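Student: Let's have the full structure, built from the sequences with the hints guiding it.
One-letter residues, chain by chain:
2 protein chains.
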Amino acid sequence: MRKKISVLEMALKAKEASKALMIASTETKNQALLFMAEHLRLNKDNLLKANKMDLDSLKPDATDAFKDRLALNDKTIEGMASSLEMMATLNDPVDNVLSTKTLPNGLVLEKVSVPIGVIAVIYESRPNVTSDAGALCMKSGNAVILRGGSESFNSCQEIMVSIRYGLEKAGLPIDAIQMVESKDRAELQELISLEKNIDLIIPRGGRGLLSFIKENSHIPLLLHLDGICHTYIHKDADLKKSLDIVLNAKLRRTGVCNATETILVDYDVMESHLKPIINMLIENGCEVRGDRLTCELDDRVIKATMEDWATEYLDAIVSIKVVKDIEKAINHIDMYSSNHTEAIITENSKAAEKFLKEIGSAVVMHNASTQFCDGGQFGMGAEIGISTGKLHARGPVGLEQLTTFKYKVRGNGQIRPK
Amino acid sequence: MRKKISVLEMALKAKEASKALMIASTETKNQALLFMAEHLRLNKDNLLKANKMDLDSLKPDATDAFKDRLALNDKTIEGMASSLEMMATLNDPVDNVLSTKTLPNGLVLEKVSVPIGVIAVIYESRPNVTSDAGALCMKSGNAVILRGGSESFNSCQEIMVSIRYGLEKAGLPIDAIQMVESKDRAELQELISLEKNIDLIIPRGGRGLLSFIKENSHIPLLLHLDGICHTYIHKDADLKKSLDIVLNAKLRRTGVCNATETILVDYDVMESHLKPIINMLIENGCEVRGDRLTCELDDRVIKATMEDWATEYLDAIVSIKVVKDIEKAINHIDMYSSNHTEAIITENSKAAEKFLKEIGSAVVMHNASTQFCDGGQFGMGAEIGISTGKLHARGPVGLEQLTTFKYKVRGNGQIRPK
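Order-wise, the sequence lines are chains U and A. Mapped onto numbering that gives the first Met the number 0, the consecutive letters of the first sequence carry residue numbers 0 to 417. Mapped onto numbering that gives the first Met the number 0, the consecutive letters of the second sequence carry residue numbers 0 to 417.
Hints are supplied without guarantee of correctness; some may be wrong.
Pairs count within a copy or across copies, as identical chains cannot be separated in the list.
[Claimed, not checked] The list that follows gives simulated cross-link-like pairs (lysine-lysine, DSS-like), each with its CA atoms no further than 25 Å apart:
hint, residue 1, residue 2
1, K327, K349
2, K100, K110
3, K110, K12
4, K100, K353
5, K195, K213
6, K349, K240
7, K14, K213
8, K349, K110
9, K14, K195
10, K43, K100
11, K14, K168
12, K239, K58
13, K353, K182
14, K43, K14
15, K417, K3
To be clear, the hints were calculated from the coordinates, so they are not data collected in a lab. From a predicted model like this one, the values you see are computed outputs, not experimental measurements.
Tutor: Structure representation (structure tokens):
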């Protein structure tokens, strides 16, 4: 049993480890990932035992979805291991020359990608995030302090055994990936107060947790509070594309942040497009809440309230509003969007370009499903989350977004004139 | 006289204006800058009158340096006007395609630079910052709320007349650049609390003001608290370069954040390099505070305390420490640096590359003066400040750093497989 240390001590150790990671070779980091994967497979029985302890300790009111996210089995453990192996194949995001400029006085200015330093990742009771997030931070040269949901405590501790094995065997400091060894909220509070020691917090989870961190920390955050994504059916939309995309954007999966929550439809295509869309959604088990005009089209539609436009359902429910034109659609999105992902369906390229330009969200799409907003789909290999903030990273946060840059300036004795 | 409005009202108007700015053409923005410059020159007499009011209201204990920053004359006003004209010649940082990728399913992913939105710039009593910061934010497509030091209130209000003239004449909303029309701290407090309305705060000024904002706001900040820059004389340093660079890095100007505050010198070159460096600094009117070994070299050196290593003098004072080797130099910088700018002087390229790689500061230099860390010197055209944070922007903050990005995804009906 390892000795329990304070969160501040962890952060200081992380800072030390981050110096070793900053200069670690790509090969060393990749080896650590492969050793972790190897050990995860070997240690499967212990991990399943720890996971059973977690499941057995669940309160009786835990939902099936919650249990589902917490439970591990042969397949999910294999998934964690192969995800680590996949990360070993991704390009190293560190030490890339982003731009180079020679100044008139001969100074050569090189902008180079570097790790951020020490990152804290705070997440819900999903054990697989432990290895995914730990590995992404490490591969991008950052030390990380993980804090998983308390219900997954034993599972996470067991995953950490594999992580430490991998780090140690590759010759990296084991403090490169640490986990808060407590279920206490007090330690979470201490973690988010360490602004001198932690460079970035990536929180994942419910709105309550995210708001708590936002209100109580002065450390920079990458997070998304809500994913209220819109799909807008423009009057020049192709009907088949509209149907296919709406079905996928709303119902492919409903509990995900990139699912469409509100559909806006041009008045001109109410009969031709909206009517079959409503029918399709309801036939596929989706509850439809609409404005007055939408309700008039189909008596199975429930009247939407003002609150619906600002709600992320994360469920088989959708809100629908009829708009006069693209200006009104943009205005509605400006008002209610969470800056995540919005799509326009149209064959009119001028309207499409206007939408792509004037909507301020992190990701704007033309004739595609909002559910494409995802690090894997975007070719980033893996993601640690989605950022709806405006600075540093927007949209999927992958390896590249876990780095920052510095300027290396090379001279031969230059001094600055008065 | 315009009617005084609340800070929240200003922020809401700024948000509206930011939508117009987001889609404003480069030409329109440049025209606004030129009209502002024209009006500044025409309005010179009124501006000088307003500035005299500010100067006459100064408390008797105002320092000469303070008065110097506040005072305007023909030359400084011409400088403000030509700075606006210069900004009109810079490339538009908005709407640039940063990268493009076609995914296997045919989706085209375009990463495009976009404005951040609404920025607040809070600064000391330097009237010229009003036009500089306002123009930089506007040119990069952002609406801005300015809050200058209370002692420069009348001067800033008069500069705003020219700014509004330029905006209006170019057909841009006058709320694109607004100024808090009050000297109250209460309005500053309200400004920094508007996290739903303001996307970024750029504070400039003394440590007290910056700490106050950092502690009391949850809005992302770009700022530097301190500029404790180091110049390290490695054992393989060229003596002439060492002397030239140290003199320039410390004494070219002393009140600037990129001035070197601490010099580290390898033990091996104490006699050969440090001795003449001390002599040169003292002969040029610089007070030298050193560790024990430095004191032993020259009896004019004052003994440094622990506090000296953590002090930004902003004056003709320097601290000097002898180190065993490059490892110790890096350790010292890790401990005391403010992540601004550090330089190594050496003819040994291996040592130089080690220093450039292992020092985590925003700007790391080889054989050059730390005073080169500056937006103008770096070829950015103009800067609004220096960022020592790790996210989004590091080092000089110019037009490009006042933008963020979004992804434009163009498809033809793609849906995401299960």
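Student: List in ascending order the numbers of the hints, as given earlier, that are violated by the structure.
Tutor: The structure breaks hints 3, 10, 12, 13, 14 and 15; every other hint is satisfied.
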